[in-house]
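Number of protein chains: 6
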Amino acid sequence: MHEKTKEFAKAPDAGLASEIDLIVAELGALRVSSLDARNRLDNPPRLPSRKALVGILDGLCAVLFPNRLGLALSEFTDGGIDYFVGHTLDITLRKLFEQVRLELGMVAGDDGKDTDLVQAKAVTRQFASRLPTVRKLLDSDIEAAYEGDPAARSIDEVLVCYPGITAITYHRLAHELDRLGAHLIARMISELAHASTGIDIHPSAQVGGSFFIDHGTGVVIGETAIIGQRVRLYQAVTLGAKRFPVDENGNLIKGNARHPIVEDDVVIYAGATILGRITIGAGSTIGGNVWLTRSVPPGSTITQAQAHAQTFLDGAGI
Amino acid sequence: MHEKTKEFAKAPDAGLASEIDLIVAELGALRVSSLDARNRLDNPPRLPSRKALVGILDGLCAVLFPNRLGLALSEFTDGGIDYFVGHTLDITLRKLFEQVRLELGMVAGDDGKDTDLVQAKAVTRQFASRLPTVRKLLDSDIEAAYEGDPAARSIDEVLVCYPGITAITYHRLAHELDRLGAHLIARMISELAHASTGIDIHPSAQVGGSFFIDHGTGVVIGETAIIGQRVRLYQAVTLGAKRFPVDENGNLIKGNARHPIVEDDVVIYAGATILGRITIGAGSTIGGNVWLTRSVPPGSTITQAQAHAQTFLDGAGI
Amino acid sequence: MHEKTKEFAKAPDAGLASEIDLIVAELGALRVSSLDARNRLDNPPRLPSRKALVGILDGLCAVLFPNRLGLALSEFTDGGIDYFVGHTLDITLRKLFEQVRLELGMVAGDDGKDTDLVQAKAVTRQFASRLPTVRKLLDSDIEAAYEGDPAARSIDEVLVCYPGITAITYHRLAHELDRLGAHLIARMISELAHASTGIDIHPSAQVGGSFFIDHGTGVVIGETAIIGQRVRLYQAVTLGAKRFPVDENGNLIKGNARHPIVEDDVVIYAGATILGRITIGAGSTIGGNVWLTRSVPPGSTITQAQAHAQTFLDGAGI
Amino acid sequence: MHEKTKEFAKAPDAGLASEIDLIVAELGALRVSSLDARNRLDNPPRLPSRKALVGILDGLCAVLFPNRLGLALSEFTDGGIDYFVGHTLDITLRKLFEQVRLELGMVAGDDGKDTDLVQAKAVTRQFASRLPTVRKLLDSDIEAAYEGDPAARSIDEVLVCYPGITAITYHRLAHELDRLGAHLIARMISELAHASTGIDIHPSAQVGGSFFIDHGTGVVIGETAIIGQRVRLYQAVTLGAKRFPVDENGNLIKGNARHPIVEDDVVIYAGATILGRITIGAGSTIGGNVWLTRSVPPGSTITQAQAHAQTFLDGAGI
Amino acid sequence: MHEKTKEFAKAPDAGLASEIDLIVAELGALRVSSLDARNRLDNPPRLPSRKALVGILDGLCAVLFPNRLGLALSEFTDGGIDYFVGHTLDITLRKLFEQVRLELGMVAGDDGKDTDLVQAKAVTRQFASRLPTVRKLLDSDIEAAYEGDPAARSIDEVLVCYPGITAITYHRLAHELDRLGAHLIARMISELAHASTGIDIHPSAQVGGSFFIDHGTGVVIGETAIIGQRVRLYQAVTLGAKRFPVDENGNLIKGNARHPIVEDDVVIYAGATILGRITIGAGSTIGGNVWLTRSVPPGSTITQAQAHAQTFLDGAGI
Amino acid sequence: MHEKTKEFAKAPDAGLASEIDLIVAELGALRVSSLDARNRLDNPPRLPSRKALVGILDGLCAVLFPNRLGLALSEFTDGGIDYFVGHTLDITLRKLFEQVRLELGMVAGDDGKDTDLVQAKAVTRQFASRLPTVRKLLDSDIEAAYEGDPAARSIDEVLVCYPGITAITYHRLAHELDRLGAHLIARMISELAHASTGIDIHPSAQVGGSFFIDHGTGVVIGETAIIGQRVRLYQAVTLGAKRFPVDENGNLIKGNARHPIVEDDVVIYAGATILGRITIGAGSTIGGNVWLTRSVPPGSTITQAQAHAQTFLDGAGI
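So the protein sequences, as listed, match chains A, B, C, D, E and F.
Under our numbering, the first sequence is numbered contiguously, ending at residue 318.
Under our numbering, the second sequence is numbered contiguously, ending at residue 1318.
Under our numbering, the third sequence is numbered contiguously, ending at residue 2318.
Under our numbering, the fourth sequence is numbered contiguously, ending at residue 3318.
Under our numbering, the fifth sequence is numbered contiguously, ending at residue 4318.
Under our numbering, the sixth sequence is numbered contiguously, ending at residue 5318.
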């Protein structure tokens, strides 16, 4: 080994120290100017923690399905299960309370701290009281998945394996939080589902019972979508917005109704793209890869051929 | 701070206790009625554990590729590698045996417990004896990926980086278990691959050697699909079912052959959708976004234009 | 329990030992022949570790956004933040240096060991010096996401929730490493982003500031793609290659320019497929599901209808 | 670097592999001959696990003192505490059951497996039913420590800080298990206390309420010792055996009464050594460093001077 | 397996559930009556956490000796060390602040909450400002150990190996906290040292520089002991109280000066017991196993023979 | 809450930042001057890691007693045990090699780096080759413990429970390393045993087979002690040095023979103190609390009375 390289081997970081000082200073300046731009210099808010939410969701799933999703499920049977559910619920709600408090504090700024506590507590309690309802809806979803997939061998397989079940479970929990005003936490939960399933459901979307998504990768369901009972979707279905209207200053108008309404008993096959505040009538079937930007009456069957014909007439596709 | 809010700060859970009692009771009642509906009240089965399977797959990958995927690979060289492989295989098989036993017990109910042990042992052993064959197949897959992707710089890059390799590795392991009757575990392994790669291959699908999926997100390969040697797929390709036939009572008929047969040396470009028990003849090329529901002879080249023309004639797309 | 099954219960692994010996031997032989085929028998290289890279990326994200992505962000405020950033940067760079050294050593073989150290050090330092620039670009991306999505309620929500932000953050870091010659590490980072977001950006792709991908699942951006300023993409957009030219021996030609150039201020809607070394002129809008293999001039608006018409004329789609 | 040393640097384990083979073989042979010597070759028993017992003791302490020793005590208040206690008790008893089963199986050999289950279950249940009694005794011990130590500022300090409290807590739990026949587990628990406090109480020793050991390092209390109510010991006190009688074959006679009886309200100061089946009468005070091998009547005060005088007469000290 | 035992095997916890309910209820009643007895029913205080203190001590030791005791010391050199020290100090002080707040809140009851924050902050700051002084004292202790032990080969060995150094490090930190009013935390730290070294130094004891304890097991140094410069102790030395005076009600008088004063340059050999508020004059040597209850002038050499003679005259030993 | 305290609650660390800067600077200056004093400023050495040694000892114990001390012992039986032993030995030796290299490098300074590698490798290999011998000695120790303690119920209990077995196991391993020149690591291992058992054996002490220490707390065995076959000790026995001779400069002479020689078949009861380079003749019995500074012939029985008489004549005890 040559003298010079030997030295590097011994101290591969010689000189690195002062460089680090420089980078730390540059990054610090960027941070300050970024906070300054948003008038946040005095109090950069603490945000809810993705990692904490992962733990909270594990807890909630264990509470909802202790026999099947509880981490330590082999360790007890009948007798201890209520202790397990009660204890897990207890500590999970306290953790959720902390996260809700962070979000409310972030939104309100520090002055609202006392009010935040009261409100965070109310949100947590009301959320907790909705859990049995969520369980009932999820039972209907699991049943729908079992009945709708010829490859499903058992209810248990559905619960343990299907990404569509994970996505709807997270969505139903996120939706309750979104309704109660914890929008950021709700969105973070949606994205946890998105990351592990490829299914992207905005927490504000309204989804009826007995809902089933098969395969699921690439599904996108937008903020103002409304989905009825017993609806079935396949992978890569989009329920999206057609246009993003802007106000007089050219800024996006946020929150207006811009996604489809899907009525009861609709089936939408893989790759279909449905855009805008249109209505898919009850009992309709939308074929694979269909591109649809107009409402269809109840009982419709839409194929690519029909859709394309329409598309050509419209010059649509944006 | 006002008196009242101060109190909340001190005891953010006052009153929460009795509410928890209520929720625990409601959830318990739902659990009972759900088990009751499936005649499972007496013995809610213990299911195989997703978390345990993650550990088992890490072990199997380390056994198959100890130099490259073994977690602690830097800690030894030639001498110790067989001890590492043998020890890892030993404990991994024992863990797998436990999971297989759980699945068999769940399927059989408790009465079959003794038989389960014998059968679980047989499944585990036969699975183990297939590992060298699986390794050989995976070597052919890695080679195919290296040769098929202009962006691949080395065999090592392919093994370490490519999601398609992860997906086919998991699939080949899951497929062996599926063949041996551990259907649920096999499916859970498929979904682990699906979650981390966006590639969804049903464990029953039959896949020949030198198989390569590039990018991969959104690929779906159905339960009864049969894929030959040297087939190459790109992202968002679906090998799906066209229809789900029902029996005289309106229930789905499960398990019948309903997915495509893809013969040797076929290439299917991104977004192509191939549905039904059709055959793609050897050496064919299916273009991107093609929608195909009819068999094509060997050596075919199918483009969107051709496919669409056909689609219009058929009124297909469901 | 019958005698025989009882025995299995007691020793579920009787006989397993010698079977393991066999499997270990078979796998060992396969390993040797695989290394032999690549002239690697003498020195199977140690590869960079995916697990180590996960830790390095956590460290880099904490350094770039300590208030929002630092793991322990609640534990300090202004005073300690520079210590946190400096310390995290220090240990993260040392870990990165180790990984770079592994990659360089793998590429060079052992003879280059001393040179590797010098070069690995240079790569690490130059990478570090680029971090402030990366932060500035990411600030522009976050701003673009906030302005481009009507569902985004705050800058914080964008940073914490949006998979598109994760993907571009990882890409910008990977791209710097790729430029400096750490191609494998760069690719591994890309695949970490791909696995958690479904967005697949090759680290060599060049991406301008204020870049935004919404939803993102299924997006693929190829190795030689060039993207300008203020470009916006939606889910399932492909910027791919149209053909893979081979040399006179039938081997793929690697590395040539084969992916699109997307100029400033272009918007590409969901599912659009853009293939080949074509140019999308500045300010153009490409509609959803469009299939495009020809350049379009600045300011174009391309819909499915137009694209299909063209496709039919071309017989394209491969 | 010289060629030769460079080689070592590259492969510091060359040749190590075959050496390991040799050592593994030698150790294997020693193992076999050691098992053979004890007729254990066919079934080397699985022993209870020290690590598992550490977890069980944490659980039991949390159940006994949930407010003060529960690991996560900050996470709940009144409402959830019974869920916490019930859940912790439930899983802790199941873990204990496993360990008891291992011990009983080890003692009985494999043939007794079925009986072991029944007996292990009975032991666990009876142990559980003793927990409230143990708590009452420990409350008296804590009170005694607070009253007996001028340095103790609060009951809480005593519970959280005093090694004597740890030792007696572990002893009282171990003693119950010892009484029920789980001798090995009991002994392992004693040694856990010994390791962390330096206080060595044999689990068979009988200890009355309101017992206090101050400082404690070096205290040894033998197997057949009997200690009354309100006894106080200081560091390095030994309640030991004077002689170890052997049978006609020269083997130690095991289990006979050979340690002191200490009646109610006795105080024994640091370093005192009390040997043999003698009785220290109620209310006596034994001075520091006293060496005592004869019974003393109630109300005695024994100093070194008196003890030494006696010792010289006896020529004792063995 | 017989029917009956088989059932146990299947459900080893049948009936356990209702038993658990009973035990939980009994333990709950005991808890309430215990809190009631101490008027703590309304607000059982949260105590400082032993586990948190372990982490805090690791942090403080890393700050004091980053080169030698920092957990990750191999990961940086000169450049990063101040970032490491600063960051570790920052988060360690915040954790300490939390523990101090808990102790102050426990002592004060809830009404003092606001004051607690202010005071806890002051305690933490003043403690931090003492760290350089503590480091200087510890340097003198390490030097003394190296010079005083013929078996010590290097300063490094002393720092890394000697339990006496661990004990004095913990003591000097605990002593600062004790002086500032965090008595319980200080005591908990003492007991952490006691548990790992067998050396029991009350945090209120005053210990001068260049202090060395060799071997150490069984050393006890009482609350009001005062130790000068350059004192050396061996294992099992006690600096204790001779009597525990009681007040007119028979209760112990707490806190009065009752332990020895050991002047500069004294050596006390193994097993010596020194009791009461006596003074060991500067430069004295106390022999092994000596029992001493009277002051000795500077420069004394006390042997067992002399001490025993005195003891016989006094009839001491209590 | 008052304005002022509220502020503290919000920012309990205001002002702390600059204080931390100060403390970091002061500690840094102390570090530099301390290194400077020892001419270590240029290269503060990296020391072996206590934490790493804990892992290495776990590994070695698992290798020596895989059935009984292997962490995962329940996971395999006959077949896999050699893989387990070989794999554990392999990775444990590599970790040990790293630690030895650190110690040798620390002793030699950086110039010796290449030589260190060669020597560290030699030390590790020679150590490994001694493991079967160590196992044989430990088998004799365990047998001795079982035969020597009337409370021991089984060989297994002895291995799993007895602190004396832990101490001698660690000692025998440390002694081999000490003999091979890894003095610091050896000492660190001794102190690990000391911390968990209260038994302090210097790694250089020579200990024959069938050695048993009962209870053990407070036992000290010095650097140059020599112990024969079948020796038995009880708690608080000291085999120490009588005097520490200094050279002409007043510095301690290090390393000379200054501790007792204990011949075969000696029993030494609790609390006995044996000092200086004296010889306890074979087959002797030393009574409890005896203070002995003169050699005794084989077959002696020494009681306190005899010893004291001698002590008075000598005026010994220092």
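It is worth saying that the hints were derived from the structure and are not from the lab.
Just so you know, not all the hints are guaranteed correct.
[Said to hold, decoys possible] What follows is a list of derived Cβ distance ranges for each label pair: (1) E/S4018 x B/G1250: 41 to 49 Å; (2) B/P1298 x C/L2035: 34 to 42 Å; (3) B/K1136 x A/V32: 53 to 61 Å; (4) E/A4052 x C/S2018: 50 to 58 Å; (5) C/S2018 x D/A3257: 48 to 56 Å; (6) E/S4140 x F/D5247: 22 to 30 Å; (7) A/R153 x C/S2129: 52 to 60 Å; (8) D/E3147 x E/G4299: 37 to 45 Å; (9) B/G1028 x D/G3283: 53 to 61 Å; (10) C/R2277 x B/K1136: 50 to 58 Å.
[Claimed, not checked] Okay, derived cross-link-like pairs now, DSSO-like style, lysine-lysine, Cα gap no bigger than 30 Å in a straight line: (11) A/K242 x B/K1095; (12) A/K242 x C/K2242; (13) C/K2095 x F/K5051; (14) F/K5095 x C/K2051; (15) A/K95 x C/K2254; (16) E/K4136 x F/K5095; (17) C/K2254 x B/K1051; (18) A/K51 x C/K2095; (19) A/K51 x C/K2242; (20) E/K4051 x F/K5254; (21) A/K136 x A/K51; (22) B/K1051 x D/K3095; (23) A/K51 x E/K4095; (24) C/K2051 x F/K5051; (25) A/K51 x B/K1136; (26) E/K4051 x D/K3051; (27) B/K1051 x C/K2242; (28) E/K4095 x E/K4051; (29) D/K3136 x E/K4095; (30) E/K4136 x E/K4051; (31) A/K95 x A/K51; (32) E/K4095 x E/K4136; (33) F/K5095 x F/K5051; (34) B/K1051 x D/K3051; (35) B/K1095 x D/K3095; (36) D/K3242 x E/K4242; (37) C/K2254 x B/K1136.
None of the values given here were measured: they were computed from a predicted structure.
Built from N, CA and C at the ideal position, the CB exists for glycine as well.
The hints, checked one at a time:
1. E/S4018 x B/G1250: 41 to 49 Å: At roughly 46 Å between Cβ atoms, B/G1250 and E/S4018 fall inside 41 to 49 Å, so the hint holds.
2. B/P1298 x C/L2035: 34 to 42 Å: Holds, since B/P1298 and C/L2035 (Cβ atoms, about 37 Å apart) stay within the stated range.
3. B/K1136 x A/V32: 53 to 61 Å: Hint holds: Cβ distance 59 Å, inside 53 to 61 Å.
4. E/A4052 x C/S2018: 50 to 58 Å: At roughly 52 Å between Cβ atoms, C/S2018 and E/A4052 fall inside 50 to 58 Å, so the hint holds.
5. C/S2018 x D/A3257: 48 to 56 Å: At roughly 54 Å between Cβ atoms, D/A3257 and C/S2018 fall inside 48 to 56 Å, so the hint holds.
6. E/S4140 x F/D5247: 22 to 30 Å: holds, 23 Å
7. A/R153 x C/S2129: 52 to 60 Å: holds, 57 Å
8. D/E3147 x E/G4299: 37 to 45 Å: Holds, at about 42 Å.
9. B/G1028 x D/G3283: 53 to 61 Å: holds, 57 Å
10. C/R2277 x B/K1136: 50 to 58 Å: With Cβ atoms ~38 Å apart, the hint is violated.
11. A/K242 x B/K1095: violated, 51 Å
12. A/K242 x C/K2242: Between A/K242 and C/K2242 the Cα gap is close to 29 Å, so the pair holds against 30 Å.
13. C/K2095 x F/K5051: Cα-Cα ~20 Å, so holds.
14. F/K5095 x C/K2051: The hint holds at about 20 Å.
15. A/K95 x C/K2254: Distance ~52 Å between A/K95 and C/K2254 Cα, so the pair is violated.
16. E/K4136 x F/K5095: violated, 34 Å
17. C/K2254 x B/K1051: Given that 30 Å is the threshold and the Cα spacing comes to 40 Å, the pair is violated.
18. A/K51 x C/K2095: Satisfied, since the Cα-Cα distance of roughly 23 Å is no more than 30 Å.
19. A/K51 x C/K2242: violated, 41 Å
20. E/K4051 x F/K5254: Measuring from Cα to Cα gives roughly 40 Å; hence the hint is violated.
21. A/K136 x A/K51: holds, 27 Å
22. B/K1051 x D/K3095: Holds. B/K1051 to D/K3095 sits at ~20 Å (cutoff 30 Å).
23. A/K51 x E/K4095: At roughly 20 Å apart (the allowed maximum being 30 Å), E/K4095 and A/K51 satisfy the hint.
24. C/K2051 x F/K5051: The given pair, whose Cα atoms are some 22 Å apart, holds under the 30 Å limit.
25. A/K51 x B/K1136: violated, 39 Å
26. E/K4051 x D/K3051: holds, 18 Å
27. B/K1051 x C/K2242: violated, 41 Å
28. E/K4095 x E/K4051: Cα-Cα ~11 Å, so holds.
29. D/K3136 x E/K4095: violated, 34 Å
30. E/K4136 x E/K4051: Holds, at about 27 Å.
31. A/K95 x A/K51: holds, 11 Å
32. E/K4095 x E/K4136: Holds, because 24 Å separates the two Cα atoms, which is no more than 30 Å.
33. F/K5095 x F/K5051: Roughly 11 Å separates the two Cα atoms, so the pair holds.
34. B/K1051 x D/K3051: holds, 22 Å
35. B/K1095 x D/K3095: holds, 19 Å
36. D/K3242 x E/K4242: holds, 29 Å
37. C/K2254 x B/K1136: holds, 27 Å
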